[in-house]
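Enquirer: Take the sequences, apply the hints, and build the full model.
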Amino acid sequence: MKSVKNQNEFSFNLFGGQSWYIIANDNAKLFTKTFAGIMGLSESFTCCSKKMVIIRSFSGNVPSQELLSEAKKIINLPGDKWVFIDEGFAKIWQNTETLDTICDIGTEGPYEVEIFKMSYLLYPFYSRAINSGGLPFHCALIEKNGHGILLAANGQTGKSTCCRRISPPWHPLCDDEALIVCDAEKNYHAHPFPTWSNFLLHKPGHTWDAQSHVPVEAIFFLEQASSDKVIPLLQGTAATEIFTFAMQAGGRLFYNLEDSEKARIRKQMFNNACDISRKIRSYRLSVSLTGKFWEEIEKVLPDIS
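Count along the sequence shown from 1, then add 417; that gives the number in our numbering.
It should be emphasised that the hints constitute simulated quantities derived from the structure, not laboratory data.
Do not take every clue at face value.
[Unchecked claim] Only pairs whose alpha carbons sit at most 35 Å apart, straight line, appear in this in silico DSBU-like list of lysine-lysine:
hint	residue 1	residue 2
1	K620	K446
2	K620	K646
3	K716	K561
Expert: Below you can see the structure in the form of structure tokens.
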């Protein structure tokens, strides 16, 4: 895994003005450097609006007041109004007013466990994006001339293969997960996020520029076929599909929440999916083994050429 050399503090900035200042205690610095390297995070700028403090406790189950005291040794944080979210691999405390976050990653575990912990640190980013109208999304993200296209599909359906097959001026940005965010005017952009399974399978190291983003021009839902073809989707069908693939990406992070909070988030995600379906065009894309599926995309999206 690649780490960022000689850096202990980082910033993470998303389209629409969402930003985090990320800092760790001494025990979590190497973990945080590695996480920042995978995500392509910037050297820290303290003007970021939210704080994320990553702490590696020795017990893995530190009482909240003790954890807050440890975090306050690193950076100034509010004294009350913290709620606990048990993500299993990471214990998260979030302030209900400031949305500052403390993440307890517990004792150091095997390589695979440490990777799982990193993937669960996405909770604050996903939660804030959802509450602001965005969605995590199980998809590949490709772009042409600065225009983003989301290719949504279940596992082993062809997202990664499509990313390998496209040719310039098309470029793949990620092949498994993206974060859709929006601004106040409901302009939707997508950020490429890591393929965590690559690390679990011990594939060669890779990094993602998770702070980069492209405007979302369209969403294509893939299916394997003998020939390439594009079929427009009705808005209702598109909304249902968008919600399904959003839950595939984000559902695991909300599994341990209280039932009422899970219901609230699901409702918000469905409402966001409906909003996205009204603004972004959606299609069914049949993809063959040897055809040039991207040419079918270009036929229905002439503006990206």
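Enquirer: Give a verdict on every hint.
Expert: The hints, checked one at a time:
1. Simply put, K620 and K446 have alpha-carbon atoms about 24 Å apart, close enough for the 35 Å limit, and the pair holds.
2. Taking the CA atoms of K620 and K646, the gap is about 33 Å. The hint holds against a cut of 35 Å.
3. With a C-alpha separation of about 14 Å, the suggested pairing of K716 with K561 holds against the 35 Å cut-off.
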